[in-house]
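Dock chain B against chain A, hints included.
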Amino acid sequence: DQQVKQNSPSLSVQEGRISILNCDYTNSMFDYFLWYKKYPAEGPTFLISISSIKDKNEDGRFTVFLNKSAKHLSLHIVPSQPGDSAVYFCAAPQSVQGAQKLVFGQGTRLTINP
Amino acid sequence: DAGVTQSPTHLIKTRGQQVTLRCSPISGHKSVSWYQQVLGQGPQFIFQYYEKEERGRGNFPDRFSARQFPNYSSELNVNALLLGDSALYLCASRATGTNEKLFFGSGTQLSVL
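So the sequences go chain by chain: A and B.
Counting in this note's numbering, the first sequence runs from 1 upward without gaps.
Counting in this note's numbering, the second sequence runs from 1 upward without gaps.
Note that these hints are calculated values from the structure, not bench results.
Predicted model, so just to flag it, every value in this text is computed and none were measured.
Beta carbons: idealized from backbone N, C-alpha and C, even for Gly.
Among the clues, some could well be false.
Just the calculated beta-carbon pair ranges, DEER-fashion [claimed, not checked]:
#, chain 1, residue 1, chain 2, residue 2, range
1, A, T111, B, K13, 29 to 35 angstroms
2, B, S27, A, A41, 19 to 25 angstroms
3, A, T26, B, G40, 18 to 24 angstroms
4, B, N71, A, N113, 41 to 47 angstroms
Isolated chain A (complex conformation) (with noise of 0.2 angstroms):
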């Protein structure tokens, strides 16, 4: 039961150009949503976030936009630079068992072409 979908396992873009990486959620709970960038060898690392109380969060060239009624999220890039050029997941957290855990999507690798 994927909570989470991250329906596009790969996207490329031109450098400067925007990046539109989309995820999907099927759980009406979720209420803070964070967006999390990979590169090999490396951990995750946090990128993003928004709260459901919010549409759209902005940070530099980041930009996340929520649209609950259709429990989608997008997460904006622009303009895209080379460095971008990596794995990004979208999460939720969740209360189980008394335990706080991150329920990811599968992940989108975003490749940034000069």
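What follows is chain B alone, placed relative to chain A:
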């Protein structure tokens, strides 16, 4: 300040063997979680430990166990290794009272042959 550190970085084992992975959280972080990431998938929750007690466990068999020490470092043990246990094992720590943001280590890549 040092981030989350894990050792070893890579490990090769054969089926049936046992393995121990180690993790040191960020200084001051009392919560440590373990995740398994199989190639092509997102990280999957295995355990959370807080103040040396297990707070929850994911859908993993009893072959997986963990513990947390007084200095908040943690060990993950996997017994009777199977080929399917080959994965990247990630440790993450979180400060008490903060939001849900986790800080991850670089992981231990386990290969079971």
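Now the hints, each set against the structure:
1. A:T111 to B:K13: 29 to 35 angstroms: holds, 33 angstroms
2. B:S27 to A:A41: 19 to 25 angstroms: Because 24 angstroms falls inside the window, the suggested range holds.
3. A:T26 to B:G40: 18 to 24 angstroms: Holds - the Cβ-Cβ distance for A:T26 and B:G40, about 20 angstroms, lies within 18 to 24 angstroms.
4. B:N71 to A:N113: 41 to 47 angstroms: holds, 46 angstroms
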